[in-house]
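With the hints as a guide, bring both chains together as one complex.
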Amino acid sequence: DVQMTQSPSYLAASPGESVSISCKASKSISNYLAWYQQKPGEAYKLLIYSGSTLQSGTPSRFSGSGSGTDFTLTIRSLEPEDFGLYYCQQYYEKPLTFGSGTKLEIK
Amino acid sequence: EVQLQESGPGLVKPSQSLSLTCSVTGYSITSNYWGWIRKFPGNKMEWIGHISYSGSTSYNPSLKSRISITRDTSKNQFFLQLNSVTTEDTATYYCARWRFGVPGVMDAWGQGASVTVSS
Numbered sequence: 001d002v003q004m005t006q007s008p009s010y011l012a013a014s015p016g017e018s019v020s021i022s023c024k025a026s027k028s029i030s031n032y033l034a035w036y037q038q039k040p041g042e043a044y045k046l047l048i049y050s051g052s053t054l055q056s057g058t059p060s061r062f063s064g065s066g067s068g069t070d071f072t073l074t075i076r077s078l079e080p081e082d083f084g085l086y087y088c089q090q091y092y093e094k095p096l097t098f099g100s101g102t103k104l105e106i107k
Numbered sequence: 001e002v003q004l005q006e007s008g009p010g011l012v013k014p015s016q017s018l019s020l021t022c023s024v025t026g027y028s029i030t031s032n033y034w035g036w037i038r039k040f041p042g043n044k045m046e047w048i049g050h051i052s053y054s055g056s057t058s059y060n061p062s063l064k065s066r067i068s069i070t071r072d073t074s075k076n077q078f079f080l081q082l083n084s085v086t087t088e089d090t091a092t093y094y095c096a097r098w099r100f101g102v103p104g105v106m107d108a109w110g111q112g113a114s115v116t117v118s119s
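Chains C and A, in that order, give the protein sequences. All residue numbers for the first sequence refer to my numbering, where the first residue is 1 and numbers rise by one. All residue numbers for the second sequence refer to my numbering, where the first residue is 1 and numbers rise by one.
Warning: the hint list may mix true and false statements.
[To be verified] BS3-like, lysine-lysine: derived pairs with alpha carbons at most 25 angstroms apart:
{"hint": "1", "chain 1": "A", "residue 1": "Lys44", "chain 2": "C", "residue 2": "Lys45"}
{"hint": "2", "chain 1": "A", "residue 1": "Lys13", "chain 2": "C", "residue 2": "Lys27"}
{"hint": "3", "chain 1": "C", "residue 1": "Lys94", "chain 2": "A", "residue 2": "Lys64"}
[What the hints assert, rightly or not] Sample of chain C residues with no beta-carbon within 10 angstroms of chain A, all distances over it, derived:
{"hint": "4", "residue": "Gly16"}
{"hint": "5", "residue": "Val19"}
{"hint": "6", "residue": "Gln89"}
{"hint": "7", "residue": "Gly101"}
Derived from the structure by calculation, the hints contain no laboratory data. Idealized CB from N, CA, C, for every residue including glycine.
Chain A with its partners taken away, still in its complex shape (with noise of 0.2 angstroms):
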């Protein structure tokens, strides 16, 4: 059974980078694809990003320009780099699998990690 973990600091303040590891055991990260996506206080969903098999990357454009998703397949990980981050960025960050053969419908989740931006 695939089962995902997202680690990482807590806090981070505002105009520094928010660094995210996804442990994925069960299942190897070269296959399918793997995504972040958070939720922000009040609920609202946002699609990051993700990563391919291959390590090919697509993200949201609303954040592309400070965002980066890489992997490190000896270690069944993927990351998020999230920079210049705001009060805005304050959420809860998931990381999910694809489900294979349906792209785009996450059919395994993390159970989140709470990042809040302050100074």
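Next comes chain C alone, as it looks inside the complex (with noise of 0.2 angstroms):
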């Protein structure tokens, strides 16, 4: 199985300012990787895919970059609603599987 590592598990930051959480695959993923964010009591919302694209409706702030196996989401001046889990996941091949989330605390 691709194991995904991501990194760091908690982060607090306060509006304005830019974080960025990294995510690194046990092998080449090529740029299948996605992005997720969950709110409590709210359903996972895909944010971006194909390592930077982003799916529709997410906001601009929201970036991912890297390819292969070091892949990156920055989050540009954070709002109140930006905080919540982060989670990656590789969509290479089966089992898909996902790094270990990002709790982002807004100071």
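Okay, here's the thing in structure tokens:
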């Protein structure tokens, strides 16, 4: 299985700041990487796929980069509504696997 | 707009079977792919498997001997059955739709069904 190592596990930042979340795959997955956001009581939301393609409805302050084994989700100019859990997921091969999650807290 | 809703018992005894239903509105399950994913306490996530528009299935090898995903197209529902459960199957179970044209990416999710395995 492709192991996805996500860091940090916890992040706290103030509105207006920028943050980055890292996701590393145990083997090359090309750009077959997606990012999701989950807020308490809400359904998961797909943010980005193909490493850097924004899903319809994802604010432009979100961006994804990387290919191969190293990927980054960046959120510029944090908004209060950006709190939640963030996950990366590879879909290069089955079984689909996820990172361990990053909890983003807005100060 | 597609909506997915999981339903099923919140408590299952060890060695019994866990059965969950995903009811889909706003989109036909005879199109696209539909999957199950679970999140364990502590936030680890695991892909369970999926069923295609034609009814073919694909399962996580770690669970393959214990799971079955089926569907009822007349009710626009698909189902998860997990046999011989243990306390390690305690998790929140989610159903989701794959994004069209991007196999393996899930663009619509249910809110999840919490399942506890305990005697």
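Here's how the hints hold up against the structure:
no.	hint	result
1	A:Lys44 / C:Lys45	17 angstroms, holds
2	A:Lys13 / C:Lys27	38 angstroms, violated
3	C:Lys94 / A:Lys64	13 angstroms, holds
4	Gly16	27 angstroms, holds
5	Val19	18 angstroms, holds
6	Gln89	8 angstroms, violated
7	Gly101	4 angstroms, violated
Hints 2, 6 and 7 from the earlier list are contradicted by this structure; the remaining hints agree with it.
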